[in-house]
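Undergrad: Below are the chains, spelled out letter by letter.
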Amino acid sequence: MSYRVCVLLIAALSLWTSCGIQSFEDLADLNPPLALKATVVNGEIVLEFLSYNYEKNFSGFNVFIGTDSSHVRSQSKVIPNIRTDSVPTFAMLTNFARPTEVTLVISREYQSYEPLQSMNVMFWIGVSAYDAVYRQNSKCTDPQLVDMRLPP
Amino acid sequence: MRNRAKGMSIPVFAAAMLLAGFFACDIGTFPANTPLHPPLGLTLISSNQGEIYVEFWAFNNEEAFAGFNIYMAQSESEVSNRLAANCLTNYLGGFPSMRNARFSDVDLVKYTLRDGPSAAPLASGSVWYITVSAYDGYSGTDSRLGEIKPVTVM
Chain B
1 MSYRVCVLLI AALSLWTSCG IQSFEDLADL NPPLALKATV VNGEIVLEFL
51 SYNYEKNFSG FNVFIGTDSS HVRSQSKVIP NIRTDSVPTF AMLTNFARPT
101 EVTLVISREY QSYEPLQSMN VMFWIGVSAY DAVYRQNSKC TDPQLVDMRL
151 PP
Chain C
1001 MRNRAKGMSI PVFAAAMLLA GFFACDIGTF PANTPLHPPL GLTLISSNQG
1051 EIYVEFWAFN NEEAFAGFNI YMAQSESEVS NRLAANCLTN YLGGFPSMRN
1101 ARFSDVDLVK YTLRDGPSAA PLASGSVWYI TVSAYDGYSG TDSRLGEIKP
1151 VTVM
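Just so you know, the sequences run in chain order B and C. What the first sequence shows, in my numbering, is residues 1 to 152, in sequence order. What the second sequence shows, in my numbering, is residues 1001 to 1154, in sequence order.
Read the hints as simulated data drawn from the structure, not as lab findings. Careful: at least some of the hints might be erroneous.
[Stated by the list, open to error] Incomplete in silico selection of chain C near chain B, CB under 10 angstroms:
1. Pro1039
2. Leu1040
3. Phe1056
4. Trp1057
5. Phe1059
6. Asn1061
7. Glu1063
8. Asn1100
9. Phe1103
10. Asp1105
11. Asp1107
All C-beta atoms in this analysis are idealised placements derived from N, C-alpha and C, irrespective of residue type, glycine included.
Kindly produce the complete structure, drawing on both the sequences and the hints.
TA: In structure tokens:
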């Protein structure tokens, strides 16, 4: 009789714990944005790239900057959203069911806002997709050099 | 004999409970593999020698990644259906179309196509729709397709 109770308890425990297993798809890295182009137009930084973020945890894009391209790759300095003072830099309400060209603009007001304020006129920039559930970034795009001195 | 019958019922009971747990938790519906990152930013350029230069961006650090499949056909719908007949084969006659090592960083990938599917020649003036996917060498499956784009052979 005690065997039966024991087996019942083990089976119930395995049932209970297995229900907490997350699907592999949830834990998979987000697809990175690719083919980034960064241009300066009238003092604003225009970021154009391709996104295929159909993942349900996708919640937006983070923009990283640095004085060296390696700083962008290591995602050490993110630009927080100026309104919420938090990440992602650009929140997205929907995900992308197909490959999509995305254009984001970092407005002039960010120039007096950290960390952009502390950058020189030339710096590197990159974009990652952001998973707000697990607070994880995808791999960054190929970093691009931005020159704020360039005429519009 | 009575004790033996009683002992046999315990593993059966345990197996039934575990099986119930397995199905109740949707473990059976897990995808076989984590999906590979699809390539993006496809650019197609035709040379004067009847070749097509293919460029795209990719980041495939996944363990199962084995290369890229290139689908090409003369209509967009044929390509989007990803039929094996429209997928280029590698020099051994298998998949992926192009073997590639795993990536440590985002990179621009370049290939030159000289033939279509089944070694069909790239006739001057013909229009081809092309797309690329990452190929999972463990399961023999593709990532989602990148963009589908047309190119006219010069």
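Undergrad: None of the hints should be skipped; say for each whether it holds.
TA: Comparing the hints with the structure gives:
Look at Pro1039 of chain C: its Cβ gets to within about 8 angstroms of chain B, closer than 10 angstroms, so that hint holds up. Residue-level restraint check for Leu1040 of chain C holds (minimum Cβ-Cβ distance to chain B is 4 angstroms; threshold 10 angstroms). Interface restraint check for Phe1056 of chain C: the shortest CB-CB distance to chain B comes to about 8 angstroms, inside 10 angstroms, so the restraint holds. Interface restraint check: Trp1057 of chain C against chain B, minimum CB-CB distance 4 angstroms, threshold 10 angstroms, status holds.
Hint status for Phe1059 of chain C: holds, given a least beta-carbon distance of 5 angstroms to chain B, under 10 angstroms. Annotation: Asn1061 of chain C was flagged as interfacial toward chain B, and the flag holds, the nearest CB pair being 8 angstroms apart, inside 10 angstroms. With a least beta-carbon distance of about 12 angstroms to chain B, the hint placing Glu1063 of chain C at the interface is violated under the 10 angstroms criterion. With its C-beta approaching chain B no nearer than about 16 angstroms, Asn1100 of chain C sits outside the 10 angstroms limit, and its interface hint is violated.
With its C-beta approaching chain B no nearer than about 9 angstroms, Phe1103 of chain C sits inside the 10 angstroms limit, and its interface hint holds. Hint status for Asp1105 of chain C relative to chain B: holds, with the closest Cβ pair at about 7 angstroms, below 10 angstroms. Restraint check, Asp1107 of chain C versus chain B: the minimum CB separation of about 8 angstroms is within 10 angstroms; hint holds.
Of the numbered hints listed earlier, those contradicted by the structure are 7 and 8.
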